[in-house]
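A.B. asks: In order, the protein sequences belong to chains A and B.
Residue numbers for the first sequence, in the numbering used here: 39 to 150.
Residue numbers for the second sequence, in the numbering used here: 296 to 411.
Hints in this document: simulated from the structure, not taken from any laboratory.
Warning: the hint list may mix true and false statements.
[Claimed, not checked] For the chain A half of the interface with chain B, some residues (derived, Cβ under 8 Å), not all of them: (1) Tyr-67; (2) His-70; (3) Glu-78; (4) Ala-79; (5) Pro-80; (6) Tyr-120; (7) Trp-140; (8) Gly-141; (9) Leu-142.
[To be verified] Pair by pair, the computed Cβ-Cβ distance ranges are: (10) Leu-118/A with Gln-355/B: 16 to 24 Å; (11) Val-42/A with Ser-300/B: 31 to 39 Å; (12) Glu-96/A with Lys-359/B: 36 to 44 Å; (13) Leu-118/A with Gly-356/B: 37 to 45 Å; (14) Ser-384/B with Asn-59/A: 32 to 40 Å; (15) Ala-115/A with Ser-384/B: 34 to 42 Å; (16) Lys-361/B with His-76/A: 43 to 51 Å; (17) Pro-303/B with Val-57/A: 35 to 43 Å; (18) Ile-49/A with Lys-315/B: 36 to 44 Å; (19) Arg-51/A with Thr-312/B: 21 to 29 Å.
Bear in mind that the values here come from a model prediction, so they are computed numbers and not experimental data.
By construction, the Cβ of each residue, glycine as well, lies at the ideal position given by its N, Cα and C atoms.
These are the residues of each chain, in order.
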Amino acid sequence: QQPVQSPQAVILREGEDAVINCSSSKALYSVHWYRQKHGEAPVFLMILLKGGEQKGHEKISASFNEKKQQSSLYLTASQLSYSGTYFCGTEGVGGNNRKLIWGLGTSLAVNP
Amino acid sequence: GAVVSQHPSRVICKSGTSVKIECRSLDFQATTMFWYRQFPKQSLMLMATSNEGSKATYEQGVEKDKFLINHASLTLSTLTVTSAHPEDSSFYICSARNQQVNYGYTFGSGTRLTVV
Chain A
39 QQPVQSPQAV ILREGEDAVI NCSSSKALYS VHWYRQKHGE APVFLMILLK
89 GGEQKGHEKI SASFNEKKQQ SSLYLTASQL SYSGTYFCGT EGVGGNNRKL
139 IWGLGTSLAV NP
Chain B
296 GAVVSQHPSR VICKSGTSVK IECRSLDFQA TTMFWYRQFP KQSLMLMATS
346 NEGSKATYEQ GVEKDKFLIN HASLTLSTLT VTSAHPEDSS FYICSARNQQ
396 VNYGYTFGSG TRLTVV
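Looking at chain A on its own, in the form it has when it is part of the complex:
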């Protein structure tokens, strides 16, 4: 049930791009993306509710392919502040499946 995130870790130089993927074996109602910095609580980035939906937040955007049950997070022209662990959370369709299930996270380090 737990969504699978890839890659597990990414190291970038400032200004480079990265893609983080999140895939589920179950039909999805929504996908959430969060970033957590060391010692802090996760911070909400965005939620995607519809198949094929794409959302943007500054230079961070995401897509959701409902048919493939996958979501990707795109970080463009990365900044030092983007460093942290990125988690996707998925909600299944209907009833009791609306509980958020977390992926294991992708560690992103942006170096000067």
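Given chain A, work out where chain B should sit, using these hints.
C.D. replies: Leaving out everything else, chain B in the frame of chain A:
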């Protein structure tokens, strides 16, 4: 908005004592709140779902008598770690969702519990 306040941020207690952690939704009402536990470099582990006015729903393997949850109002949920032991040391985080504005889940700042 969707602001969640969690206190305390850090607590050190002796083995055998109990610790209460508070989670408040400041600008919205939360009929449901979630309590997580997180070990270093690991994902969030859902412990229980706190329901206003009714019993909490615990995840498999989480001891109900060990981790007492009370959700007495629409803005406050508390987690009490009873008879704490060193293995209970962890980062505890609460979250809630403002359904009216379709935000994602907002997290409290977390509580770093150290049991000595």
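A.B. asks: Determine for every hint whether it applies to the structure shown.
C.D. replies: Hint check results:
no., hint, verdict
1, Tyr-67, "violated, 12 Å"
2, His-70, "holds, 5 Å"
3, Glu-78, "holds, 7 Å"
4, Ala-79, "holds, 4 Å"
5, Pro-80, "holds, 5 Å"
6, Tyr-120, "violated, 18 Å"
7, Trp-140, "holds, 5 Å"
8, Gly-141, "holds, 7 Å"
9, Leu-142, "holds, 5 Å"
10, Leu-118/A with Gln-355/B: 16 to 24 Å, "violated, 40 Å"
11, Val-42/A with Ser-300/B: 31 to 39 Å, "holds, 33 Å"
12, Glu-96/A with Lys-359/B: 36 to 44 Å, "holds, 42 Å"
13, Leu-118/A with Gly-356/B: 37 to 45 Å, "holds, 39 Å"
14, Ser-384/B with Asn-59/A: 32 to 40 Å, "holds, 33 Å"
15, Ala-115/A with Ser-384/B: 34 to 42 Å, "holds, 39 Å"
16, Lys-361/B with His-76/A: 43 to 51 Å, "violated, 28 Å"
17, Pro-303/B with Val-57/A: 35 to 43 Å, "holds, 38 Å"
18, Ile-49/A with Lys-315/B: 36 to 44 Å, "holds, 41 Å"
19, Arg-51/A with Thr-312/B: 21 to 29 Å, "violated, 48 Å"
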